[in-house]
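Here is how the chains run, residue by residue.
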Amino acid sequence: MDAIQTRGLTRYFGKTVAVQDLNLVVPQGSLFGLIGPNGAGKTTTLRMLAGLLEPSVGEIVINGHTVDHDWHELRWQIGYMPDFFDVYDDLLVWEYLDFFARCYDIPNPRRRQVVDELLELMDLEEKRDAYVQTLSRGMRQRLCLAHALVHDPQVLLLDEPASGLDPRARVEMRELLRELGAMGKTVVLSSHILSELAELCDSIGIIEKGHLVTSGLLEQIRQQVHEGRRLHIRVLSDAEAAAVALRANPWVGEVIPFSDEEETHELQVDFSGDESAAADLLEALVAQKVRVASFREEHTGLEELFLRLTKGEVA
Amino acid sequence: MKRLKSLLRLNPILVKEIRSRMRGPRAFITLTVTLVLMAGAMYGLVQLMVAISRYSYDVLSPRIGQTLFAVLAFLELVLVCAITPAVTAGAISGEREKRTYEMLQATPLSPSSILWGKLISALSYIFLLLFAAVPLASLVFVFGGVALRDMLKVLLVLVVLAVSFGMLGLFLSALFGRTGRATVASFVVVLAFLFIPLLGVFAVAVLRNGNGQELLAWRWMLVPSPISMLSSVLQPATGTGGISGLLPFIGGFWFMDSAIAPISMTSIPRPIYHYSLVFYLGLTLVLYLLTTRLLQPARRWRLRWQEILLAAGLLVGLGAVTAGGFLSTADRYEWVNPPATPSPLTTEVQMGPVQAFPVGTPVVVEVTVEPVKKFTATPILPDEMNAAFVGEVYAAVARQLYTQDHTLGDQTPNFPVLYLVTQLISDPGLEAGEGKLPEISSPVQAEMERRLSDLPTEIYWVPDALSVPREEGTGQVAKGGAIVSFGLIHPEGNGTLQVIGTILTSGEAGGGNVYILSQVDGAWQVTGTSGQGWVK
Chain A
1 MDAIQTRGLT
11 RYFGKTVAVQ
21 DLNLVVPQGS
31 LFGLIGPNGA
41 GKTTTLRMLA
51 GLLEPSVGEI
61 VINGHTVDHD
71 WHELRWQIGY
81 MPDFFDVYDD
91 LLVWEYLDFF
101 ARCYDIPNPR
111 RRQVVDELLE
121 LMDLEEKRDA
131 YVQTLSRGMR
141 QRLCLAHALV
151 HDPQVLLLDE
161 PASGLDPRAR
171 VEMRELLREL
181 GAMGKTVVLS
191 SHILSELAEL
201 CDSIGIIEKG
211 HLVTSGLLEQ
221 IRQQVHEGRR
231 LHIRVLSDAE
241 AAAVALRANP
251 WVGEVIPFSD
261 EEETHELQVD
271 FSGDESAAAD
281 LLEALVAQKV
291 RVASFREEHT
301 GLEELFLRLT
311 KGEVA
Chain B
1 MKRLKSLLRL
11 NPILVKEIRS
21 RMRGPRAFIT
31 LTVTLVLMAG
41 AMYGLVQLMV
51 AISRYSYDVL
61 SPRIGQTLFA
71 VLAFLELVLV
81 CAITPAVTAG
91 AISGEREKRT
101 YEMLQATPLS
111 PSSILWGKLI
121 SALSYIFLLL
131 FAAVPLASLV
141 FVFGGVALRD
151 MLKVLLVLVV
161 LAVSFGMLGL
171 FLSALFGRTG
181 RATVASFVVV
191 LAFLFIPLLG
201 VFAVAVLRNG
211 NGQELLAWRW
221 MLVPSPISML
231 SSVLQPATGT
241 GGISGLLPFI
251 GGFWFMDSAI
261 APISMTSIPR
271 PIYHYSLVFY
281 LGLTLVLYLL
291 TTRLLQPARR
301 WRLRWQEILL
311 AAGLLVGLGA
321 VTAGGFLSTA
331 DRYEWVNPPA
341 TPSPLTTEVQ
351 MGPVQAFPVG
361 TPVVVEVTVE
371 PVKKFTATPI
381 LPDEMNAAFV
391 GEVYAAVARQ
401 LYTQDHTLGD
411 QTPNFPVLYL
421 VTQLISDPGL
431 EAGEGKLPEI
441 SSPVQAEMER
451 RLSDLPTEIY
461 WVPDALSVPR
471 EEGTGQVAKG
481 GAIVSFGLIH
491 PEGNGTLQVI
501 GTILTSGEAG
511 GGNVYILSQV
521 DGAWQVTGTS
531 GQGWVK
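In the order they appear, the protein sequences are chains A and B. When you line the first sequence up against the numbering used here, it's residues 1 to 315, in that order. When you line the second sequence up against the numbering used here, it's residues 1 to 536, in that order.
A few of these clues could be false.
As the list claims (entries may be wrong) - Below 25 Å or equal to it, Euclidean Cα-Cα: the simulated SDA-like pairs (lysine to any residue) are:
1) A:LYS15 with B:SER467
2) A:LYS15 with B:GLN296
3) B:LYS98 with A:ALA130
4) B:LYS153 with B:ARG23
5) B:LYS98 with A:ALA279
6) B:LYS479 with B:SER467
7) B:LYS98 with A:GLU199
8) B:LYS98 with A:LEU200
9) B:LYS98 with A:GLU54
10) B:LYS98 with B:THR179
11) A:LYS127 with B:PHE176
12) A:LYS127 with B:SER20
13) A:LYS127 with B:ARG23
14) B:LYS98 with A:GLN220
15) B:LYS98 with A:LEU91
Simulated from the structure, these hints should not be mistaken for laboratory data.
Looking at chain B on its own, in the form it has when it is part of the complex (with noise of 0.2 Å):
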């Protein structure tokens, strides 16, 4: 009950600390210079966006939001490397050396509240930092394009970072003894994780000619990595060309391009900042509690049981966040859609090469990611069947792209007119470079056209998505249509049907799924979809 109390009471070190940080001119000199840097950096990039932009028709408002929001999160890491280790090296140390520390250690304070209070007093001055630029960070919701999650991954490995740092500036401040050396050393040491990992994978690459495959073996030297990391978050909500084209090879995304890395259908590799989550927090916990072992006046080594139990508890609990981070998202990464029941028929397909929506937008590249996935049967070619079966799987698709999916959220679309491609999307399902792609009949067409004759829109097919009229300087698609591509028809075993479908309503925005038929009454209809949709 006692032990209850003393939790749950304000940390004594906490408090002084608090009162003390905030007297003085110092930590508002910090914080005005930090905030006066980082606006300036900002209306510098909006600038350059904005006259880039009367040049290039491909920086539109998204993209200069995506760039404002990559530029703001990495200026917050320089933040975070910069001035976690000064404000933390010295908190331990600076006790010693002031002899004010024996006066603390004869009172009944444990070091885990020593340690606990100084951390916390020297990270919400951090946070204090971060948050003054939240402001900052609200312009790029004036251009747009990022979206919300996005920026909670960001501040999560920021935040992650922060306490990292912060423990490893307290350890070696406990450490050393004296704050000029732990300052130091701090600083190489969070240098060292930004920039070695990096250096060994540049000089591996060097070595071994840059083999795509044996780079892809060699990704978890990024993981400690602050940089790799915040790429790694980055890397999709930008997009591609210019700096940002580098991202994704900081952040380890080498199997992004199969051409070089093909990988196995069944598993995509996570993203770096997922396992440096996990080595950061592990680094924290060891260096805590090395640190309080550091902070003991006397009988340094002589652990109590509690303590030890305390510690495996620890350990154990990041253990169980971790398996349960892994099972919550592993079929994601390493179990993309395992087989319900493994069939004799089920045949390891490699991914092509990308080629999948020939309209030269950036988009394509993200379709890529998605047909990673398993098909259990060989294709149906449109040709194959007969023209009304296809007919109605296809009408049944686009049913669900024009009322459904239009990825504009819960507006009627409302599209006059809808350019239907009859140039299907490469798939699993076809070998690489197997010559062309099927098209859709001219039978199946007509059915096509009859099934969906209810719709209030105009239909009119065009051989490839590039020949549909686009508008001068946007790239909408002209008079406000949409474009709807399809994939092969795959019967898979258990009576349904797999089929890919894509919308796109101008070079940016658009959406698509592999979705799953079903015979309803007798007909075919959309009854789901496998969960790898993307949206654009």
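Next up, chain A with everything else stripped away, as it sits in the complex (with noise of 0.2 Å):
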């Protein structure tokens, strides 16, 4: 059964469209990142999908449930941690966690239990009795983490759980989320790292935009991105034997010529390897001695900002 299942999801902020017919699917018990610049509609998606926000156009449904109708029940099924929050001033880290126990209505000696066990999940036993405002910011994401999972939610949502946080503290909040996945939660986390997601999720959805680019098991998405290939060979002569020598390496899917009045000719090429393999087949239609004027590759959308994603540039 899919956790949660969204149909055509919109939602327009004046003329501006945030989030444009998405249609997103999670499987229960995945860990899935959602992935796109800033500014792409991965908050907006969530706080959809928390219930703080009303869709425009669309329907979501979470756990069998429509977000539009079951709201209330469905509260008791969802954990939300924001991307950007602040904490209550001059309460102490185990009183804040009280205090969202106490919202969940939990009696007392079970809330009690429940608050030293998520300190100690979270590794901030020795800050219990300590005001939240002298935390450090890894230690009030944990804090935050922890607020989340006070009444043992199916379902996680978090904005940015790894956002700000130094390098240390960003292995920590992987590891974890990592247990949260081991303990059967489905965990949606959104970032616009892909390389940070890449690591821990087991599937990704690429938004931009507004638009979900795709979605679906990393391992799929990045064979996809590589399918998705496109060679340009420019020759400068034999076409024919430039073409029968492409077909010959094992990568190379359908050769398309293009011809015209001059002798030069363009060949389109389907490529599925890596770049060592397109080396490879460069030199080997030059041991053919073909003689190649440009070899370029056809950079697609998709492609393009999947690089990006994965080198971590779009900040």
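Assembling the complex is the task here: the two chains are given apart, and the hints tell you how they should meet.
See the structure below:
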């Protein structure tokens, strides 16, 4: 069963479209990464999933309940951590968690136990009696994650849980999320850096300008991106021989020759190999005495986006 | 069952707010500064009143107590108006600004729980400030002059105002989402409530050349003003003269001066604060319902039928409370002593000019309220009937005043001297300016002396209350005596008589009533009152 499913999810802010026609499927128990550049609509999507924002159009189904109708019941099943937040001043760490446990109506012996367990899970036991405002950024982030776990929800919606953390805190957060995944929870988290999610998530969705570009298992998407690679090769003579040589290569799919009035020929090649395979291909052509005038890769939109995300250049 | 349980448990917001409210120095500094300022004001006032009392016999101990009480009440009003918006205007917008609000909305905590938690925690702080001033209020009891009932009324008004302004602050906080704007807006609205009604009435008074009858029709303008509200509560509790002479005007008691605003004998205008309480309770309820909508994260105006039912129930409840309050007090205002059976003899009588109790003390004002009452037949003048009958009736009234209604509680009065005034008190049975009032004739006097001879007191006849000897300085009646005056005898169709009787022991202390007399075993006896007694 799918933990989260959206159909035609769309949200306008005035005339701007923040999210358009989003069809998202998150299987139960998966660690799902929502990835896209800033302003792509990640936060808007997560807020709609958390029931904090009303979709302009479309429907959200979580664990078989539509958010629209069963929102009151769904709040018991969803834990939400916003991307940016401040903490209450003049409140102790344990009181902070105690407050949210009270919000979920957890009676006292159990409440104390929950608070202690969460402090242990988040490695915050030493800070139990510290004021919340004295915590470091990483500790606050963990405390905020703890607050979303107070009622042991099935679905966790985490907006940029690792943003603003130093490398060490980032590793700790990753370990925590992995632990939560092992506990069988469905976790949806967002980030603008793919490498951050790649190590953690089993499936991802790439979102840009409010559109879901693609989504699915991480491996599938990786493949999809590489499969989509297309080479443009211009040869000065003997395009036929070049085409034969190309077809001999195992990574090459279809080869479409374009010829014009002049002697130059252009070949469009579907290619599924990686960069070194491409280098090998060029070498083989040259060895066959094919005079290559140009050898370039055509960048598809998805690929370009993926590359930027992978390198973490989007900021 | 689950719903009931969640109603009974402690509100999480309340727990959180109370835990963090008193941490840090701010709360203590506010409390200390408030108390020091109030104590300073009270101390200065006591010194001033004591200094004045050396030069004026009018400043008696109860007067000091009443003035202190009025000033304290207004100081607390200022406190409520100044602190409540400041405390509540940031309650919801603060959470929004800190981005903690989304986390709160994602929990199953209902908007009404959030609202109640915020309201009660803010009010608990304001009530702390109010109740911290209670030791100051106890100073009032050192001087006396204020009834517990009046204190409770003032407290009720302040609590209702605090709740209303708290709700207003929360509403604006939720509406604007920014603490700065919400705070400014709250103060602007509170200031508008405080002063615009007064300015409006002032403008009407100037433009319409201050015609009292016309002003009475504009009285409703004062309803939203907390100043008028408090004035109308305090007015009966304080004396006249000086600054407190302004209270009737601010409080909308223009009908008090019958010369400018003659009123019907069958109804007295209600004090303004009765209307104000309903106004503020209604305002609070409406703001509460609106704010719970504003607090919804999404689907704000999609109402569920339970919510509509609850809102309707609350409005009906307010209506019921209002109706109950009206019915239980209407016989004191709108339906003053309605005649049991309309009789053809009924005459609408208008109140004459103030002339009631010619002693020249503030008590006079009190009497003018009381004779508002319908007599169903023309009165009997003392010289029209046989002296034995008139003497018997007045003797019964004098006995009642001497033995029961002497205003000294359960103590035995033991007045060694009783001054009976021959001049009758004016009452609605006489046309205004009809000439000199009748007096008790000597045959009647003789009859009364004979009937009252068993009382352990000397009886003197005086032409009017002014000619009674007084103690130097205090204004007490000489020799610890009391002055008794009578009104006309009104036969009431059904065989009973009604007579006004008053007793006065000093410039300040006295009492009176409209007595109902019936024949018991052939003799006239006081069997009841019309319920409109006054005690000073």
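Restraint status (C-alpha distance of LYS153 (chain B) to ARG23 (chain B) at most 25 Å) | violated (34 Å)
For the pair supplied as a hint, LYS98 (chain B) and ALA130 (chain A), confirm whether the alpha-carbon distance does not exceed 25 Å.
-> holds (20 Å)
Between LYS98 (chain B) and LEU200 (chain A), is the straight-line Cα distance small enough, at 25 Å or below?
-> With a Cα-Cα distance of about 30 Å, the restraint between LYS98 (chain B) and LEU200 (chain A) is violated, given a limit of 25 Å.
Taking only the CA atoms, is the gap from LYS98 (chain B) to GLN220 (chain A) under or equal to 25 Å?
-> Cα-Cα ~40 Å, so violated.
Straight-line Cα separation of LYS98 (chain B) and GLU54 (chain A) no greater than 25 Å?
-> With a Cα-Cα distance of about 21 Å, the restraint between LYS98 (chain B) and GLU54 (chain A) holds, given a limit of 25 Å.
Keeping to a limit of 25 Å between CA atoms, is the pair of LYS127 (chain A) and ARG23 (chain B) held or broken?
-> OK: LYS127 (chain A) and ARG23 (chain B) at ~18 Å, within 25 Å.
Below or equal to 25 Å on CA atoms is what counts here, so check LYS98 (chain B) against LEU91 (chain A).
-> Holds - the C-alpha atoms of LEU91 (chain A) and LYS98 (chain B) are around 14 Å apart, at most 25 Å.
Given hint SER20 (chain B) paired with LYS127 (chain A) - CA-CA distance at most 25 Å | Between LYS127 (chain A) and SER20 (chain B) the Cα gap is close to 17 Å, so the pair holds against 25 Å.
Compare the distance between the alpha carbons of LYS127 (chain A) and PHE176 (chain B) with 25 Å, and conclude whether the hinted pair is satisfied.
-> violated (36 Å)
Given hint ALA279 (chain A) paired with LYS98 (chain B) - CA-CA distance at most 25 Å | violated (54 Å)
Would the pair LYS98 (chain B) and GLU199 (chain A) pass a check requiring their Cα atoms to be no farther apart than 25 Å?
-> Violated. LYS98 (chain B) to GLU199 (chain A) sits at ~32 Å, over the 25 Å cutoff.
Within 25 Å, alpha carbon to alpha carbon, are LYS479 (chain B) and SER467 (chain B)?
-> Judged against 25 Å, a Cα distance of about 14 Å means the pair holds.
When each numbered hint is compared with the structure, violations occur for hints 1, 4, 5, 7, 8, 11, 14.
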